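Peer 1: Working from the sequences, and respecting the hints, build out all of it.
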Amino acid sequence: MIWRYIAKHSLKILFLGVLCAVSVYVFVFLIAKGLYIPSVMSLIGAGFITYIFLSEKRYPIRWLIPGLLFLAVMVVYPIGYTLVSSFTNVGTGHMLSKDQAIDHLLDRSYTPDNAIAYTYTAFADTSGDLALILEGADQMILYVDGRATDIAWSDPRLVDEDSDGTTDRFGDYSRLTILQTVQRLSVIEDYRIEYKGTTIGLENLNEFRTRAPLYVYDEEAETMKDLQTGIVYTAREGIFTAPDGEEIYPGYKAGIGLRNFVKLVTNPQISGPFAKVFLWTFIYATLTVLLNFALGLFTAILLNDPFMRFRTIYRVLAMIPYALPAFITILVWRGMLNVHFGVINHMLVALFGSGAHIPWLQNAMWAKVSVLLVNLWLGYPYMMLISLGALQSIPASLYEAARVDGATWWQRFWKITLPLLLMPLAPLLIGAFAFNFNNFTLIYLLTEGGPAIAGASTPAGATDILISYTYNLAFAGEHGNQLGLAAAVSVMIFLIVATISAINFRMTGTLEELSKNV
Amino acid sequence: MYSRHTLLGSVWRHGIVLLLCVFSVFPALWIASASFNATNNMQLQQLIPPNPSLAHYRELFTSDRYQYATWLLNSLKISLLTSVFTVIMAGLGAYAFSRFRFKGRRVGLLGLLLIQMFPQMLAIVAIFLLILSLGDIFPWAGLNTHTGLLLVYLGGAMGFNTWLMKGYFDTIPRSLEESAKVDGATPFQAFYLIILPLARPILATIFVLSFITAYSELFIATILLRSNSQFTLAVGMNLLISNRYDNRWGMFAAGALIAAIPFLIVFIIAQRSLVSGLTRGSVKE
Amino acid sequence: MKKTIAVLLGVLMLTGLFLVANASEPGKLLIWADDTRAPIMLNVAKQFTEVYGVEVEVQEIESGETRGQLATAGPAGEGPDILIGAHDWLGELILNGLIEPIILEPATIAEFNPVAIDAFKWGNLLYGVPYATENVALIRNTDLVPEVPATFEELLTVAAALTDLEAGEYGFLIQEPDPYHTFALYSAGGGYVFGKDANGVLDPCDIGLDNAGSIAGATILDQMVKDGIEIAGAGYGEVTGAFNASNLGMMIGGPWTLSDIKANSINYGVSAIPPINGNAPGVFVGVQGFMISSFSENKVLANLFIKDFLISTDVMLGLYIEGDRPPAYLPALAFLAGNEDIQGFAAAAATAIPMPKIAEMASVWDAWIGALELIVNQEQDPATAMQEAADEIRALLGCE
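Protein chains in written order, with my numbering: chain A, 1 to 518; chain B, 1 to 285; chain C, 1 to 400.
I should point out that these hints are in silico values taken from the structure, not numbers from a laboratory. Fair warning: there could be bad hints in the mix.
[Stated by the list, open to error] Quick list of the computed label-pair ranges, beta carbon to beta carbon:
#, chain 1, residue 1, chain 2, residue 2, range
1, C, Glu50, A, Asp172, 28 to 34 Å
2, A, Ala350, C, Glu322, 39 to 45 Å
3, B, Thr213, A, Gly80, 50 to 56 Å
4, A, Asp160, C, Lys196, 55 to 61 Å
5, A, Lys276, B, Leu196, 48 to 54 Å
6, C, Pro106, A, Thr149, 34 to 40 Å
7, C, Glu50, A, Asp168, 42 to 48 Å
8, C, Pro275, B, Ile261, 51 to 57 Å
9, A, Ala32, B, Ser63, 40 to 46 Å
10, A, Leu348, C, Glu322, 39 to 45 Å
11, C, Ala347, A, Asp168, 54 to 60 Å
12, A, Gly128, C, Ala347, 56 to 62 Å
13, C, Glu340, B, Ser63, 28 to 34 Å
14, C, Asp227, A, Ala356, 57 to 63 Å
[To be verified] Capping the alpha-carbon separation at 20 Å, the derived lysine to aspartate or glutamate pairs in EDC-like fashion look like this:
#, chain 1, residue 1, chain 2, residue 2
15, A, Lys368, C, Glu379
16, A, Lys33, B, Asp136
17, B, Lys181, A, Glu56
18, A, Lys33, A, Asp129
19, C, Lys196, A, Glu203
20, C, Lys28, B, Asp136
21, C, Lys307, A, Glu207
22, C, Lys226, C, Asp178
23, A, Lys33, A, Asp99
24, C, Lys307, C, Glu55
25, C, Lys28, A, Glu246
26, A, Lys263, A, Glu237
27, C, Lys307, A, Glu203
28, C, Lys121, C, Asp88
29, C, Lys226, C, Glu154
30, A, Lys33, C, Glu297
Computed from a prediction, not measured in an experiment: that's the story for all the values here. Glycine is no exception: its CB is placed at the ideal position from the N, C-alpha and C atoms.
Peer 2: In structure tokens, the structure reads:
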């Protein structure tokens with residue numbers, strides 16, 4: 001009985017079998033690497049998928065699994081990562097984990113006054129284990145199997161086979177050539193040889209030297225003591241700090257709770273221009289979507305016309321802004337809008353005389369116009385494309401019926417085309433709003449947020465949008481990049497955009513359409 | 001919706017469309033001019049360069065450092081694969097959202113939209129670490145592989161694409177699948193054999209959209225790809241202008257123009273499906 | 001129940017297929033270089049492998065991406081052993097614990113340009129081996145401006161005579177808003193970015209962008225705009241474009257501009273920027289060098305690679321040929337003694353100031369650029385603009 005079942009659903013079983021096997025493997029692998037959370041998540045994920053495929057009730061969700069899987073891993077996980085980062089102080093000076101920072105500091109050494117330099121010879125046995133013989137001023141040290149002992153010149157294990165003065169063998173170990181030594185350098189340089197109270201480490205290809213570690217770490221008290229100066233540094237919020245405030249770098253990532261968010265809200269540099277920047281961002285995002293959609297839809301209607309000759313050529317030409325990479329076209333526009341060198345002003349001057357220079361990017365108002373203009377050029381092909389797609393879903397019979405009833409083309413447009421288009425397209429328009437709200441690339445390449453505003457106490461420019469402005473601040477704060485703050489910015493902007501979009505959904509009835517069909 | 005044009009109708013229609021085409025094409029002409037200009041000047045003041053030459057084009061295909069042909073093939077491969085899989089995954093999901101009623105449907109749809117609104121600038125670090133770890137487990141999908149990059153791109157498959165397709169599927173009457181069901185078809189067969197052919201316009205639209213998105217994506221590709229022969233077009237071309245002061249605008253312009261051609265070809269083929277007045281007359285309303 | 005058993009059978013059967021052991025990597029070197037330097041590194045790598053049999057891999061990372069990727073990849077174990085970068089990255093890299101000090105013999109150190117060595121020092125330790133220095137100088141079109149003006153004032157007079165805005169001809173342009181290129185005006189009068197404290201270390205709260213010298217420099221720029229010599233919208237592309245089309249007499253530029261100038265067959269000359277009000281202007285000097293990642297598993301090997309293979313006249317000259325920057329390695333520089341361009345840039349760098357390498361420098365650019373923009377757009381007078389910029393920076397850095 002079970003074999004008949006297996007035969008009938010062989011594909012599904014094979015797939016689920018492979019999935020579970022892989023997830024077990026991944027789980028074990030990640031546990032071995034110490035990544036506990038991802039390993040558990042991968043197991044949960046596999047379990048969820050298996051459940052969905054075995055449950056009849058959950059049949060519809062099977063259709064969603066491929067897309068959801070990728071969405072969960074590639075989109076949701078990074079969002080989670082950003083969210084977690086926003087509660088930490090990760091940034092310049094705090095990029096490492098605590099263990100990594102401690103390792104780095106413990107690795108630091110200084111050359112003590114009584115340092116001895118040792119030349120060395122490396123030997124290896126047939127199984128590849130190494131033995132080192134170090135020669136210092138008065139002593140010879142043997143280092144093998146992790147232990148250092150004295151050894152005398154006359155030790156019988158040291159054999160000079162060809163009587164040329166150099167030792168060729170030590171017991172079962174034979175001497176390595178320079179080449180072979182170089183190939184083992186990465187192993188040799190990790191050795192810390194403890195000898196009579198001193199530590200000896202590899203200094204360069206040719207010699208070992210006594211080293212004194214610079215710091216010692218007290219795990220319980222969480223302090224680093226500088227062995228040269230005696231100062232004790234206490235771990236405080238991701239950095240080891242001396243009583244007088246001096247800090248040792250590198251620091252490490254530390255959780256700081258809501259401090260980033262508090263900074264966003266209370267920092268005068270951010271809250272000062274916030275209202276102004278937000279207003280412009282909102283207006284720009286709304287206007288650009290409306291303008292782009294209007295032009296895109298208009299073009300789509302014209303080019304949807306089966307009686308329009310050369311339609312294909314026109315469509316292709318209209319798509320050209322979409323076909324070229326944005327970072328060249330925006331820069332080209334920037335060049336064209338240049339007040340003295342740009343071709344647009346050249347044409348204006350040729351047509352209207354020398355007073356017709358427009359300070360496209362130098363004047364606050366014209367800069368805003370430029371942003372809208374360039375974004376129109378960049379964005380209307382997309383709107384044309386989705387409009388063309390959506391137009392096909394409107395049955396021709398509707399129009400015929402309307403024409404029979406005597407409706408004008410204007411009425412047909414308002415009463416049939418637009419409402420039926422907005423149903424599938426409204427979410428995309430809202431999505432375009434969100435996209436442009438966060439359209440860092442455009443602002444950065446075209447105006448860099450400028451032109452500068454006189455008398456401002458903050459570096460906000462006339463065309464800065466919320467995201468460009470706040471990111472700039474996060475990356476220009478003390479000590480440079482403050483990634484934790486930037487993550488908090490992302491969260492804050494998401495909350496703002498999601499709220500606006502949710503309101504939009506309400507107003508355009510997108511959700512009602514959903515509930516109507518439920 | 002449309003009727004034959006009068007002469008005046010033709011004139012103003014073609015006139016406006018021509019104006020729009022000029023608007024669209026004008027900056028591209030500038031780029032073309034820069035590509036034929038032997039010097040590396042982007043701030044030209046004439047449309048026709050003084051000494052037109054094909055030097056930049058030649059350099060694109062013969063340069064050791066800038067392996068343009070390889071990059072072009074890489075980008076084509078990745079973009080085509082992304083588009084195909086995206087259409088499949090978004091289509092499956094959109095059909096489910098459109099036809100089935102299940103717990104979590106409303107939340108799921110809303111969630112799909114809202115998730116896309118999160119600024120992904122810092123996600124790059126997370127994705128880097130993710131693919132890094134993935135590469136430890138499956139070396140063929142790690143850093144500097146096209147598979148890894150493809151997997152990241154497919155993260156964006158569901159999203160607006162699903163909404164767009166769902167909206168389109170919603171307008172296809174269910175009567176077609178009802179009759180198929182009566183004939184003993186599974187939902188998947190109904191989807192595959194009946195709905196998909198009728199949904200050609202929207203499939204073509206999604207294909208084009210995801211193609212160009214993958215084709216011109218820069219940030220993720222820059223961080224995941226490490227060796228010259230693996231670079232996509234966007235990453236490679238960015239090299240040409242990434243120094244603050246030493247930019248090879250001529251080659252970049254030439255490269256950008258050639259790069260536009262595959263996309264336009266894809267668009268030309270796809271837009272044939274965007275045919276007006278497609279009557280779905282297989283069932284009498 | 002049936003289904004569950006079926007699935008479990010499948011799991012058991014297939015689990016075995018995936019228990020593959022991971023191979024470990026033997027010692028090998030990984031170098032990060034951008035696309036310009038990668039070919040040279042590959043050549044040197046080949047030589048190294050021939051001599052020592054150690055594999056060397058070169059990965060191409062775009063210069064601007066290096067710091068960010070190093071911060072993520074290094075701690076994750078995917079970073080390079082050797083990387084190439086600018087000296088003003090030092091502050092950020094050291095703060096993040098990403099690079100290691102490099103020990104060189106005093107004799108070797110003496111073979112380098114002392115300014116370059118100084119640029120790569122942090123405290124008493126050397127964190128990189130420099131290979132190129134770069135700075136701006138006065139570049140003039142010798143057909144339009146045959147003689148180097150003796151003073152800056154004379155330069156402005158010459159420029160005014162050549163400027164004809166209607167015809168698109170310019171006498172002298174400084175690309176703007178660009179603090180790096182404009183700094184000469186500030187430094188001549190005693191302006192500076194960060195002052196040094198008692199120990200000779202840069203003090204991020206001693207900001208000199210609004211002192212008398214800086215304001216004097218900003219005023220010169222303002223006057224240039226008022227006199228019609230300097231215009232708005234003159235970025236790098238516009239200035240070099242005009243120069244390469246013989247429409248510009250003089251500009252302030254660096255070695256990176258030369259290849260296009262030569263390609264356009266312009267007769268040019270490189271010289272120091274003439275004294276302003278009797279004071280020689282100091283320009284920012286940037287130094288490029290090799291650094292060792294502190295997450296490297298092969299630090300001694302990396303040191304070996306740098307010391308024995310990279311520090312050689314051949315390699316240094318090779319890097320010069322690819323990058324057009326004057327070598328920091330004195331034997332290679334001596335080789336180029338007859339090169340007028342190099343001598344011109346060297347003359348301009350006689351009073352050079354290394355770009356500040358403390359991480360706080362990141363907070364300076366935006367405010368300074370904004371001030372320059374306001375001055376050139378004539379929306380604010382130079383004194384107020386610089387004062388506001390300096391105050392903005394102090395606020396960003398949390399100084400009192």
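Peer 1: Please go over all the hints and tell whether each is borne out by the structure.
Peer 2: Now the hints, each set against the structure:
{"no.": "1", "hint": "Glu50(C) <-> Asp172(A): 28 to 34 Å", "verdict": "holds (31 Å)"}
{"no.": "2", "hint": "Ala350(A) <-> Glu322(C): 39 to 45 Å", "verdict": "holds (43 Å)"}
{"no.": "3", "hint": "Thr213(B) <-> Gly80(A): 50 to 56 Å", "verdict": "violated (23 Å)"}
{"no.": "4", "hint": "Asp160(A) <-> Lys196(C): 55 to 61 Å", "verdict": "holds (59 Å)"}
{"no.": "5", "hint": "Lys276(A) <-> Leu196(B): 48 to 54 Å", "verdict": "holds (50 Å)"}
{"no.": "6", "hint": "Pro106(C) <-> Thr149(A): 34 to 40 Å", "verdict": "holds (36 Å)"}
{"no.": "7", "hint": "Glu50(C) <-> Asp168(A): 42 to 48 Å", "verdict": "violated (26 Å)"}
{"no.": "8", "hint": "Pro275(C) <-> Ile261(B): 51 to 57 Å", "verdict": "holds (55 Å)"}
{"no.": "9", "hint": "Ala32(A) <-> Ser63(B): 40 to 46 Å", "verdict": "holds (45 Å)"}
{"no.": "10", "hint": "Leu348(A) <-> Glu322(C): 39 to 45 Å", "verdict": "holds (43 Å)"}
{"no.": "11", "hint": "Ala347(C) <-> Asp168(A): 54 to 60 Å", "verdict": "holds (59 Å)"}
{"no.": "12", "hint": "Gly128(A) <-> Ala347(C): 56 to 62 Å", "verdict": "holds (58 Å)"}
{"no.": "13", "hint": "Glu340(C) <-> Ser63(B): 28 to 34 Å", "verdict": "holds (29 Å)"}
{"no.": "14", "hint": "Asp227(C) <-> Ala356(A): 57 to 63 Å", "verdict": "violated (23 Å)"}
{"no.": "15", "hint": "Lys368(A) <-> Glu379(C)", "verdict": "holds (18 Å)"}
{"no.": "16", "hint": "Lys33(A) <-> Asp136(B)", "verdict": "holds (10 Å)"}
{"no.": "17", "hint": "Lys181(B) <-> Glu56(A)", "verdict": "holds (18 Å)"}
{"no.": "18", "hint": "Lys33(A) <-> Asp129(A)", "verdict": "violated (26 Å)"}
{"no.": "19", "hint": "Lys196(C) <-> Glu203(A)", "verdict": "violated (34 Å)"}
{"no.": "20", "hint": "Lys28(C) <-> Asp136(B)", "verdict": "holds (18 Å)"}
{"no.": "21", "hint": "Lys307(C) <-> Glu207(A)", "verdict": "holds (15 Å)"}
{"no.": "22", "hint": "Lys226(C) <-> Asp178(C)", "verdict": "holds (18 Å)"}
{"no.": "23", "hint": "Lys33(A) <-> Asp99(A)", "verdict": "holds (15 Å)"}
{"no.": "24", "hint": "Lys307(C) <-> Glu55(C)", "verdict": "holds (17 Å)"}
{"no.": "25", "hint": "Lys28(C) <-> Glu246(A)", "verdict": "violated (38 Å)"}
{"no.": "26", "hint": "Lys263(A) <-> Glu237(A)", "verdict": "holds (16 Å)"}
{"no.": "27", "hint": "Lys307(C) <-> Glu203(A)", "verdict": "holds (14 Å)"}
{"no.": "28", "hint": "Lys121(C) <-> Asp88(C)", "verdict": "holds (11 Å)"}
{"no.": "29", "hint": "Lys226(C) <-> Glu154(C)", "verdict": "holds (17 Å)"}
{"no.": "30", "hint": "Lys33(A) <-> Glu297(C)", "verdict": "holds (18 Å)"}
Comparing the model with each numbered hint stated earlier shows that hints 3, 7, 14, 18, 19, 25 do not hold.
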